Amino acid sequence: MQYFKGKSVYKGVTMGPVLVYKKHGEQVKRKSVEDPEAEIVRLRKALDTSKLQLQALYEKAVTEVGEASAAIFDVHKMMLEDEDYLEAAINMIRTESVNAEYAVTMTGNNFSQMFSAMADDYMKARAADVLDVSLRLARNLCGDKEQGMQIQQPSVIVADDLSPSETVQMDKEKILAFVTVHGSTNSHTAILARMMNIPALVGTDLDISALSDGMIAVVDGFEGAMILEPDDATCENVRRRIREEEEKVALLQELKGKDTVTADGRKINVYANIGNVGDIGYVLENDAEGIGLFRSEFLYLGREDAPSEEEQFEAYKQAARMMAGKKVIIRTLDIGADKQVDYLGLSQEENPALGFRAIRICLKQPDIFKTQLRALLRAAFYGNISIMYPMVISTGEVQRIRAVVEDVVQELEEQGIQYRVPEQGIMIETPAAALISDRLAPMVDFFSIGTNDLTQYTLAIDRQNAKLDDFYNPHHEAIMRMIQMVVENGHKHGKWVGICGELGADTELTQQFVRMGVDELSVAPSMVLKIRKIIREM
Amino acid sequence: MKSFRYTITDEIGIHARPAGLLVKEAGKYESSIRIKSGEKSVEATGLMAVMSLGVRGGQTIEIVVEGSDEEKAAAGMKQFLEQNL
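Residue numbers (our numbering), protein chains in the order written: chain A, 482 to 1019; chain B, 32 to 116.
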């Protein structure tokens, strides 16, 4: 029994026969050529062939693993269209009178070294991509056929490193796990493993030549370890763990259609957070009881003018219809200077998080706000829509919001357009709002605590800044006290209180939140069943 | 000549995919377009060159456009950056 450590990219456990992936890239030899121009013609031809192959691989990957993971083949294609790369190879053929195979291999090595030398881990990982495309070119020049590895039985694939072109050709049904010596947690093998929900280790301290096909290996993504030729006791233990994992997945599926209630009969609403209408599929698939945060920004970003009332009305109505009577809480525009949207005319700011954003823009640019409110009130006539206002810090703001809503109601009334004034709540995401939540509660229908911003503003810590990791504690007592305070103040006035930030999906805190009296948790669709399970076990 | 500065908001910076899109966008114009990041300056039409800048989220780059359609090119590049990076 041998034990190897690696960096785990997906928490899972599996056991099966090893299949060692061997590159069949034989050494490219340097040859002098009489006619460099003829080599360049060959190179261009191989380039065309390579681009066609990459296009085909892209399409295969899109259907198998989705657009996001397939995009790498698009990048490979663009690398082959890179003038600097091509020029470097052609120059070498001309000045040194060498064969095209050698020129592309050397050029690929040079570019790859440039990436390897970069400080950024993500860019370091791109060195492998340059080598992958260069190898493809060289292979096409030699007229080599590209062969996908044949996998006979479900196996643990062990390799020095795996390029996207190599993994895409494997039969996904027969891959139990990936173990590579090189590669980073940013590598495509890692991304693929996460997508396929299979354990994978990268950067594994392992001598591949000591391995042979058919040896039994355990890959433990929880421990970040591979155990080769496990003894009977280990095998037994691992089999039990695999069964347990399978049962967990099956159990979660069984929770579909069940209520989220605690043992003493308290009902908690587990809703989902989404960013556009397309995500509703995941919401239904995971059996969320509603949508607790529908970010309306998708309607506003990446376009030249503000979305029309009609367009918004259709989108909101469609969302409500797809949710078939379940609650859909739509958050009004939450944009700031960090997301440039030209038609809003926002200027650059030193500190967008503390700047002109969200409800502040809406109150200053009532045209934009009114259009959204008209669309929301009209759509509410057709479905169970609620409205939620972001970044509120004062009771005055709530009064101003209510005044605009009243204006809109009057307009719709005069125009004889059908509408309904739905439930309206505010996000509690500033310490200010939390501290005056007793004053805010009588003015609104509900509170939804946005823990991401609340944490950032309370702890004065920017989550994007890795240097601050040491100081960052998402479970900080200040945050917990604020949540408790908001819940108590909401309940005092008979209003429900939810959490829609990342903390809402933190399984370590679920039971504590329920005990605090939180009525609703809105989480990523994939977390819904896990949270339901924890609550049902309370 | 037209130039403007832009601060990358995408967390991982100008990574492979957006770099490719940026190169395609820059290729649409007649004008020469250069990207400056710190001491380095590269043609915006070369994928590997753009990637080699290693621009990360939060860093500010300068785009320098020069040529017959520089007005349009600068506006196009600005819009592209705002929407993608």
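A couple of the hints might just be wrong.
Claimed, not checked - Within a straight-line C-alpha distance of at most 30 Å, the following computed DSS-like cross-link-like pairs (lysine-lysine) qualify: (1) B/Lys71 - A/Lys526; (2) B/Lys67 - A/Lys558; (3) B/Lys71 - A/Lys558; (4) B/Lys71 - A/Lys948; (5) B/Lys67 - A/Lys605; (6) A/Lys605 - B/Lys55; (7) B/Lys103 - A/Lys851; (8) A/Lys541 - B/Lys109; (9) A/Lys1011 - A/Lys488; (10) A/Lys492 - A/Lys739; (11) B/Lys67 - A/Lys973; (12) B/Lys71 - A/Lys851; (13) B/Lys55 - B/Lys71; (14) A/Lys503 - A/Lys558; (15) A/Lys973 - A/Lys807; (16) A/Lys948 - B/Lys103; (17) A/Lys492 - A/Lys605; (18) B/Lys55 - A/Lys807; (19) A/Lys845 - B/Lys55; (20) A/Lys605 - B/Lys103; (21) B/Lys109 - A/Lys526.
Hints were generated in silico from the structure; no laboratory data involved.
All of these numbers come straight from a predicted model, not from anything done at the bench.
Review point. Given the hint that B/Lys67 pairs with A/Lys605, does the C-alpha gap stay at or below 30 Å?
Key: holds (21 Å)
Check your understanding: Do the alpha carbons of A/Lys605 and B/Lys55 lie within 30 Å of each other, as the hint requires?
Key -> holds (23 Å)
Review point. Do the alpha carbons of B/Lys109 and A/Lys526 lie within 30 Å of each other, as the hint requires?
Key: Violated, because 36 Å separates the two Cα atoms, which is more than 30 Å.
Review point. Holds or violated: are the alpha carbons of B/Lys71 and A/Lys526 at most 30 Å from each other?
Key: violated (34 Å)
Exercise for review: With a cut-off of 30 Å on the C-alpha distance, tell me whether A/Lys492 and A/Lys739 pass.
Suggested key: Holds, at about 27 Å.
Practice item. Starting from B/Lys103, check that the Cα of A/Lys851 is at most 30 Å away, please. Key: Distance ~33 Å between B/Lys103 and A/Lys851 Cα, so the pair is violated.
**Study point:** Pairwise hint evaluation, B/Lys103 against A/Lys605, where the allowed Cα distance is 30 Å at most
**Key:** Since the Cα atoms of A/Lys605 and B/Lys103 sit roughly 35 Å apart, the hinted pair is violated (cutoff 30 Å).
Check your understanding: Between A/Lys973 and A/Lys807, is the straight-line Cα distance small enough, at 30 Å or below?
Key -> holds (26 Å)
Review point. Can the restraint linking A/Lys492 and A/Lys605 be considered satisfied, given a maximum Cα separation of 30 Å?
Key: The hint holds at about 24 Å.
Exercise for review: Quickly compare the C-alpha distance for B/Lys71 and A/Lys851 to 30 Å and report which way the hint goes.
Suggested key: violated (47 Å)
Point to revise | Satisfaction of hint between B/Lys55 and A/Lys845, Cα-Cα up to 30 Å | key: Measuring from Cα to Cα gives roughly 38 Å; hence the hint is violated.
Practice item. Could you grab the alpha-carbon distance between B/Lys55 and A/Lys807 and see if it respects the 30 Å cut-off? Key: Since the Cα atoms of B/Lys55 and A/Lys807 sit roughly 44 Å apart, the hinted pair is violated (cutoff 30 Å).
Hint compliance for this structure: hints 1, 7, 8, 11, 12, 16, 18, 19, 20 and 21 are not met, and every other hint is.
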